Amino acid sequence: MKAPDFEYVRVQSLAAALGQLGAGDDVSLLAGGQSLMASLNLRLSSPRRLIDISRIPEMAGIRLGSSSMSIGALTKHCEIESAPLVRQHLPLLAMAAPHIAHPAIRNRGTIGGSLALADPAAEWPACCLALDAVIEVASLRGVRRLAARDFFLGLYTTALESDEIITSVEFPVPSKGSRSGFSELARRHGDYAMVGLAAQGQWIAGRCMALKLVFFSVSDRPVLAHKAASLLISGEGLKAAQDALQQDIDFSGDDVCSSATRLHLAKVLLERVMIEMENHEVLLQGEGQAA
Amino acid sequence: MSATARISSPLHTIALNVNGTAVTSHVKARVHLIDYLREDLQLNGSHVGCEHGVCGACTVRVDGVAVRGCLMLAVQADGCHVETIEGLTEGGTISDLQEAFVSRNSLQCGFCTAGMLVTCTELLETNPQPSREEIRAAISGNYCRCTGYQAIVDAVDRVARERKAKRGVS
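Same order as they appear, the protein sequences are chains B and S. Each residue of the first sequence is one higher than the one before, counting from 19 in our numbering. Each residue of the second sequence is one higher than the one before, counting from 469 in our numbering.
Incorrect hints may have been included.
Unchecked claim - Distance ranges between label pairs, derived from CB positions:
{"#": "1", "chain 1": "S", "residue 1": "Glu593", "chain 2": "B", "residue 2": "Arg205", "range": "26 to 32 Å"}
{"#": "2", "chain 1": "B", "residue 1": "Arg163", "chain 2": "S", "residue 2": "Asp531", "range": "29 to 35 Å"}
{"#": "3", "chain 1": "B", "residue 1": "Gly160", "chain 2": "S", "residue 2": "Arg600", "range": "51 to 57 Å"}
{"#": "4", "chain 1": "B", "residue 1": "Pro22", "chain 2": "S", "residue 2": "Arg613", "range": "28 to 34 Å"}
{"#": "5", "chain 1": "B", "residue 1": "Ser248", "chain 2": "S", "residue 2": "Asn595", "range": "36 to 42 Å"}
{"#": "6", "chain 1": "S", "residue 1": "Ser563", "chain 2": "B", "residue 2": "Ser84", "range": "48 to 54 Å"}
{"#": "7", "chain 1": "B", "residue 1": "Gly160", "chain 2": "S", "residue 2": "Ala483", "range": "33 to 39 Å"}
Stated by the list, open to error - What the simulated footprint calls covered on chain S by chain B, stretch by stretch (three residues with Cβ under 8 Å from a Cβ of chain B suffice, anywhere in the stretch; the number is not a length):
{"#": "8", "segment": "515–526"}
{"#": "9", "segment": "531–538"}
{"#": "10", "segment": "587–600"}
{"#": "11", "segment": "603–615"}
Said to hold, decoys possible - Output of the computed footprint for chain B on chain S, the stretches with three or more beta carbons under 8 Å from beta carbons of chain B:
{"#": "12", "segment": "486–498"}
{"#": "13", "segment": "541–551"}
Hints listed in this document are in silico derivations from the structure and should not be mistaken for laboratory results. None of these values were measured; they are calculated from a predicted model. Quick reminder that beta carbons are idealized off the backbone N, C-alpha and C, glycines included.
I would like the entire structure built from these sequences, with the hints used as guidance.
And the structure:
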């Protein structure tokens, strides 16, 4: 189908975008457009006005600080996928990126757009939870910094107010000895995951000392599997952790996948990702250069 | 008032470069890039399929990278360099890929072919020697309902090898 009629305005700065957003209701922000355009063409949304923020230079780019990396909201999936800085310091993001849709979509879709949409099957929200990211949002009222765990509230629902724009995401750079794992199952490469898992952990002397397991496409939002992670840290073993997933997650069922199938697939992914993390040290910083 | 407003929905002036030619047009905001290319510029090589980014038939190049023509507004292409299958064909840079598609029967109805070629062009630029699995992953966003993909993978694989051999000689 074709998109309904709407007004269109392209802004060149964050200040101009915030001004537009504050000026009236029934407006949508257009960043990469890879979900919004589909939704317009399907007439699932019909805003009165689109504010095109895709060309605001100050909102794009990857910057490494002393202990964290900041990724501008308008940074495209393909830029995160190919950035050496990301591969070196935040390998989880580099592992997740190729799973996002298809190359032509990754060439335009943005990380800020993905977080704002909060699709429960999306990769970036899960990675943000696993990495303890902080999402920075701006409005005419000021700037707020929201922890990822407080940001995703439900199906396509976030803590973002209607006058706010995500400006950047800040990821603490994991320390030496950190390991990342990522996997998802889809019927076809690039399709929405039936179940996915983003994992970030800390190994010292071959022992797992800290672990975050974030499952996505299992419920109305990405979910931290606390109990399964704590069982793995305390050495109870994979089987115990797999059995605990049912307590950690209220698996949803739909016409793609029943809740029982999702639970089964989550167990499969947990095993795969844990084997990967146990066996493959992810090269970080100095270790990467030494190898 | 509302009827008038709908009819007089403002046109946006865009200036872009399409297949090497500077173009200035007046477009409605709601028109996506692929409708603009096909209907305003009569570049019918790219196809309109699903219009929600799934099938890949409308894949074109914008500023040197493959994008879905249905997931970008024409007004957003203001100032951009757009290349369609017509431009890629005239440039001659993918004639080997096109010949391989023909000789390996990598198309039947041809609906997916323009988008498939644009996707494979980018794959071979960014990864000149892809494995068959990598080729399959790259074209996973381009539906072909005729060939079963095997022949397309064969053609891309063959061109990658031939280009490598050529590079080795020169």
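When you take the CB atoms of S:Ser563 and B:Ser84, is the distance between them in 48 to 54 Å? Given range 48 to 54 Å: holds, Cβ gap about 51 Å.
Coverage of the segment 587–600 of chain S by chain B, judged on three or more residues with CB within 8 Å: Holds: 3 residues of the segment 587–600 of chain S have a Cβ under 8 Å from chain B.
Annotated coverage of the segment 486–498 of chain S by chain B, confirmed only when three residues or more have a Cβ within 8 Å: holds (count 3)
The segment 531–538 of chain S covered by chain B? Criterion: 3 or more residues, Cβ-Cβ distance below 8 Å. Since three or more residues must qualify, the claim that chain B covers the segment 531–538 of chain S holds, with 5 doing so at under 8 Å.
Just to be sure I understand the hint, the distance between the Cβ atoms of B:Gly160 and S:Ala483 should be within 33 to 39 Å; is that true here? Holds, at about 38 Å.
Residues of the segment 541–551 of chain S with Cβ under 8 Å from chain B, three needed, outcome: holds (count 4)
Assessment of proposed distance window 51 to 57 Å (beta carbons of B:Gly160, S:Arg600): holds (53 Å)
Range hint 36 to 42 Å (beta carbons of B:Ser248 and S:Asn595) holds or violated: holds (41 Å)
So is the segment 603–615 of chain S in contact with chain B by the C-beta rule, three or more residues under 8 Å, or is the coverage claim wrong? Check passed, 6 qualifying residues.
For the range 29 to 35 Å, tell me whether the beta carbons of B:Arg163 and S:Asp531 fit it or not. Holds, since B:Arg163 and S:Asp531 (Cβ atoms, about 33 Å apart) stay within the stated range.
Status of the given 26 to 32 Å range, CB of B:Arg205 versus CB of S:Glu593: holds (28 Å)
Go check the segment 515–526 of chain S versus chain B for me, would you? Three or more residues, Cβ under 8 Å, otherwise it fails. Held - the segment 515–526 of chain S has 4 residues with a Cβ nearer than 8 Å to chain B, which meets the minimum of three.
In this structure, none of the earlier numbered hints is contradicted; all agree with it.
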